[in-house]
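Please model the complete structure; the sequences and the hints are all you need to start from.
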Amino acid sequence: MVIPAAEGIPTAYKEKRYLRIGSSKCNLKDYPKREIQLFKILDGRVDTIETMPAKYQELTFSKLFGYYGSKGIVLKEKTFEKNLGLKNAEGEYNLLAQLLSDNSHIPLRVSIFEGKTKGSNLFSVREFGNNCLLYTLDEVLRYGDVLNIIQADETNRVVERRDIPLFDNKAYREAVINAILHNYWVGGNEPMISVFSDRIEILSRGTIAPAQTMDGFFRGESVPVNDKLSEIFLQLHISEKSGRGVPKIIEIYGKKAFTFRENSIVVTIPFKKLSELGNKVGKKVGKKSDNCDIRKLNARRTRIITEMRDNPNVTAAELSIMLAISETAIENNIKYLKQNKFIERVGSNKTGYWKVL
Numbered sequence: 003m004v005i006p007a008a009e010g011i012p013t014a015y016k017e018k019r020y021l022r023i024g025s026s027k028c029n030l031k032d033y034p035k036r037e038i039q040l041f042k043i044l045d046g047r048v049d050t051i052e053t054m055p056a057k058y059q060e061l062t063f064s065k066l067f068g069y070y071g072s073k074g075i076v077l078k079e080k081t082f083e084k085n086l087g088l089k090n091a092e093g094e095y096n097l098l099a100q101l102l103s104d105n106s107h108i109p110l111r112v113s114i115f116e117g118k119t120k121g122s123n124l125f126s127v128r129e130f131g132n133n134c135l136l137y138t139l140d141e142v143l144r145y146g147d148v149l150n151i152i153q154a155d156e157t158n159r160v161v162e163r164r165d166i167p168l169f170d171n172k173a174y175r176e177a178v179i180n181a182i183l184h185n186y187w188v189g190g191n192e193p194m195i196s197v198f199s200d201r202i203e204i205l206s207r208g209t210i211a212p213a214q215t216m217d218g219f220f221r222g223e224s225v226p227v228n229d230k231l232s233e234i235f236l237q238l239h240i241s242e243k244s245g246r247g248v249p250k251i252i253e254i255y256g257k258k259a260f261t262f263r264e265n266s267i268v269v270t271i272p273f274k275k276l277s278e279l280g281n282k283v284g285k286k287v288g289k290k291s292d293n294c295d296i297r298k299l300n301a302r303r304t305r306i307i308t309e310m311r312d313n314p315n316v317t318a319a320e321l322s323i324m325l326a327i328s329e330t331a332i333e334n335n336i337k338y339l340k341q342n343k344f345i346e347r348v349g350s351n352k353t354g355y356w357k358v359l
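Quick note: the sequence shown uses the numbering used here, first residue 3, plus one each step.
Worth flagging that the hints you see were computed from the coordinates, not collected in a lab.
There could be a bad hint or two in this list.
[Claimed, not checked] Computed cross-link-like contacts, EDC-like style, restricted to lysine to aspartate or glutamate with a CA-CA straight-line distance of at most 20 Å:
1) Lys250 to Glu329
2) Lys65 to Glu79
3) Lys80 to Glu60
4) Lys84 to Glu94
5) Lys73 to Asp140
6) Lys84 to Glu233
7) Lys275 to Asp165
8) Lys352 to Glu329
9) Lys298 to Asp147
10) Lys230 to Glu129
11) Lys250 to Glu223
12) Lys230 to Asp49
13) Lys357 to Glu320
14) Lys275 to Asp170
15) Lys65 to Glu83
16) Lys65 to Glu129
17) Lys172 to Glu141
18) Lys120 to Glu233
19) Lys357 to Asp147
20) Lys257 to Glu223
21) Lys257 to Glu233
22) Lys258 to Glu223
23) Lys258 to Asp217
24) Lys250 to Asp217
25) Lys258 to Asp170
These numbers come from a predicted model, not from an experiment.
The structure is reproduced here in structure tokens:
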């Protein structure tokens, strides 16, 4: 028996319904949640980020205005909600509005593990969420530059060494944009980024759009999961309608970079390591001391170091807001980091900057 492609609508045969998940043909009765979702689609009852009401209705959008302004586009106070589709038919702010508001109340985390599995020690968790989704996306993309270590390749060196990045930044960018753009936000879960010792995994909730085929997916024939969000990304030139994102990743890493699970799609970006860093990772060069091992810092001090690396001009007041602790607590942690040679202040308190050692 040959079951035709049926990612969106189940195929019936002898009173049994089948569904294709990835390359496998599965009996739909084994996936009751997916069956309910499919019949909601057929009945036109499926929730979207445009119809689902926001959990929080007291929303503000000053950051959204600022982001559009930085792109040379002026939003009008009286019409932006209608033009961007931020309210549902009942006149409530929808989930799209919550995502684009000053505080989305939705976290987006990058988890870094010491080993190759989630069973290994958790080295660091960097949180970018609870912000306007557009700024969150920019921050996650910039963080890729922090993760993407430039390695010196001196193999067969004659005059100049070659600089080799740990991974392809364009592939990382496309994978992150696609994960956020096509994430199944109405399910209540955000994308998840996990960094292991040998790869990055970028997980997007949900599956390909019901009208999409697997062949069309790999060819870059994009079918938006979140239509209005896709329009906004196009308007702001964050993405484009050429559909080159998936083909770009395939060109670099092949189709094996994509893994299709029942309720998620995972893009795996492998690292190209010239050598293993081993126990030197995270340790200060110079006199050996356990106090200088960044892995022994607690999450709060690790976060402060990360923020200072990303923004050397960050203030104690700003760190207090980011970490949701008092300025006194921030100052005490900064004092510890300075005394143990993790950071130093270059210049005066007013005009200087932080240097991560």
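Exercise. Mind checking the alpha carbons of Lys250 and Glu329 for me, to see if they're no more than 20 Å apart?
Key: Judged against 20 Å, a Cα distance of about 45 Å means the pair is violated.
Quiz item: Holds or violated: Lys250 with Asp217, Cα cutoff 20 Å?
Solution: 15 Å, holds
Quiz item: Given the proposed pairing of Lys84 with Glu94, does the C-alpha separation stay at or below 20 Å?
Solution: 12 Å, holds
Quiz item: Does Asp49 lie within 20 Å of Lys230 when you go C-alpha to C-alpha?
Solution: 14 Å, holds
Quiz prompt | Straight-line alpha-carbon gap Lys84 to Glu233, limit 20 Å | solution = Answer holds: Lys84 to Glu233 is near 14 Å, not above 20 Å.
Quiz item: Is it true that the CA of Lys257 sits at most 20 Å from the CA of Glu233?
Solution: 27 Å, violated
Exercise. Would you check the hint for Lys120 and Glu233, treating anything up to 20 Å between C-alpha atoms as holding?
Key: Answer violated: Lys120 to Glu233 is near 36 Å, above 20 Å.
Quiz item: Are the Cα positions of Lys65 and Glu129 separated by 20 Å at most?
Solution: 18 Å, holds
Self-check item: Restraint status (C-alpha distance of Lys257 to Glu223 at most 20 Å)
Solution: 15 Å, holds
Quiz item: Going straight from one Cα to the other, do Lys357 and Asp147 come out at no more than 20 Å?
Solution: Holds: Lys357 and Asp147 sit about 18 Å apart, inside 20 Å.
Quiz item: Regarding the pair Lys250 and Glu223, is the alpha-carbon distance no greater than 20 Å?
Solution: Given pair Lys250, Glu223 holds - Cα atoms ~13 Å apart, limit 20 Å.
Quiz item: Given the hint that Lys65 pairs with Glu83, does the C-alpha gap stay at or below 20 Å?
Solution: 14 Å, holds
Hint compliance for this structure: hints 1, 9, 10, 18 and 21 are not met, and every other hint is.
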